[in-house]
Amino acid sequence: MYKVVFDGSREKADHKSVYANTIQALAAEDEKIIALDADLMNSSGTFKFWKEHPDQMINVGVAEANMMGIAGGLSAVGRIPYVHTFGPFASRRSFDQTFISIGYAGNSVRIFGSDPGVCAAFNGGTHMPFEDMALMRAIPGATVFDISDAVLLGWVLRDIKSNEGVTYLRSTRKSFLKIYEEGSTFEQGKANLLREGKDAAVIACGLMVGEAMLAAEELAKEGIELTVIDMFTVKPLDHEAVAKAAETGAIVTAENHNIIGGLGESVAASLLEQGLPVAFKRHGVMDRFGQVGAVDYLQEVYGLTAKDLIVSVKETIAKKK
Amino acid sequence: MDRKRELELQEFAATIRAETVKEVADLGFGHIGGSLSVVEALAVLYGEVMKIDPKNPDWDERDIMVMSKGHAGPAVYATLALKGYFPMDWLKTLNKPGTNLPSHTDRLKTPGVDMTTGSLGQGSSTATGMALGRKLAGSDSRVFLFIGDGESNEGQVWEAAMFCSHYKLDNIVWFVDYNKKQLDGFVEDVMDMGDFQEKFEAFGFHTQTVDGTSVREIYDAIEAARQAKGKPSCIILDTVKGEGVSDLIEIELNHHVQFPEEMANRALEQVTAALERVRKELANV
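Sequences listed follow chains A and B, in order. To convert, note that position 220 of the first sequence is 220 in the working numbering; the numbers rise steadily by one, no gaps. To convert, note that position 206 of the second sequence is 206 in the working numbering; the numbers rise steadily by one, no gaps.
If we strip away everything but chain A, and leave its shape as in the complex, we get (with noise of 0.2 Å):
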């Protein structure tokens, strides 16, 4: 069970902390256990165990395409692999091998791509992934993951251990808004409710859910009640939270991403499956490539802000029938 504490501070921990606290303690428990990275450990925070572990931390160097392929034969001989890069690489950059020697050939591997979207900051346009969750959620049985706060970090990278195939999670390696109270568990493919309300339903993942909650305690201030949704799961996508969302008539889906490829076509594919007539918007990255800046100066340019989030959420109920 999970209890959500959001009132717009931001969290303690960061996610890098997270991620290298947890892979250590999951090492610590299982010698199956094994973590890559693509000389990035400096920047996940795994460089202190690689230094003390350096059987169970591998560093492969700057060859992302070539660790996919590597943890993909871990799998085959009974390892159970973490691997790190940044999003891009993670995913774009070794596609085909992720696909292949780990997807098509039978192997589970976790894949973490860290600073998704306008978290890449100021390592600018090329570092910056918006089409991420489109390419893995093409992977056939692969799950993917927008990750909004570092409890549930915590929680999935625990929960994937077991996972078989590709699992895919985006996670920021700095802070979020703090959404759950530590020590709750979730469910992979059930989503979170945080909030309900009548008018409308944000439908939200990773970064873009702390800026829905905000948006949610602006528009309650105009008599607004709005439900908000952690698709923290963005595959397998679940069906039930947006039939759920459907019942108040107006739904926006929020996402660190290009609107193309990501959490809204699959909201919207659902809907239309379901039969569910709702007004409907793709709040996103509007097919445009990333480029440098601070975060919150990047979520004012691509319209990632709560403020943006509430025009959008009063174009779709005024669109309501």
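One or more hints might be untrue.
[To be verified] Partial pick of chain B residues on the chain A-facing surface, computed with a CB cut under 7 Å:
| no. | residue |
| --- | --- |
| 1 | Thr15 |
| 2 | Gln122 |
| 3 | Ser125 |
[To be verified] The calculated lysine-lysine pairs, modelled on BS3-like cross-linking and capped at a C-alpha distance of 27 Å, are:
| no. | chain 1 | residue 1 | chain 2 | residue 2 |
| --- | --- | --- | --- | --- |
| 4 | A | Lys51 | B | Lys135 |
| 5 | A | Lys161 | A | Lys48 |
| 6 | A | Lys32 | B | Lys231 |
Hint data in this document are derived by calculation from the structure and do not stem from the laboratory. For each residue, glycine too, the CB sits at the ideal point set by N, CA and C.
Since chain A is already given, all that's left is putting chain B on it; use the hints.
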């Protein structure tokens, strides 16, 4: 290796070659050129070197073979069927609907296939991962990897080579099937790879070049590789694409060929005659 054992391995190789030709003849087309050039190496591995149990293909302590040039599937299938991993009848199903023997080797479909390959370059990394896993587990099992000379255009091959060397994976042996040809023609015309011996030495490998049609040279090289501690090994197999079938060797672009009945019959005659010659010699030893 005594002369008798050498002839037995030659017989095994000649049988693999004949069965490979039959598989592709049944279908009428296929990747036969690059299948025929790895036959002797497969015969030495599966006939003499590898620690395997065909009745227990997933045995944890087995030696592993990864055919990264996955289009040599037909030669791998002939080898595995002859070793008893699955019935010989299966060889007639190559690429036919519902088959367990697809063009490119697939670990989920074929008993005895240790890794799925076909997207060139990728087997080099997966074999490397398997070697790393085995080494970290303290196992003495070995990994044998085949890459093509054309395949070596792929940068991933060299990423994996770097890794094997850096992590001192002395439980992996790379075979380069140096058959001089890739899909669009001679390697030196399409993308000249230069000197493989020098390249692998520069990457830190214990490197040998052998006559890829000599079971004795291949065997000796594998034994020498076993003695090379603290570094990965590479054995460059000097081969001919289409080895053993004159019609195929003469076709310039012989990566994937049409194999009409008349040509197939001549090929079968030639490989069968070769097999009979070895058997005759073996009978006299």
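Violating hint indices (sorted, rising): 1
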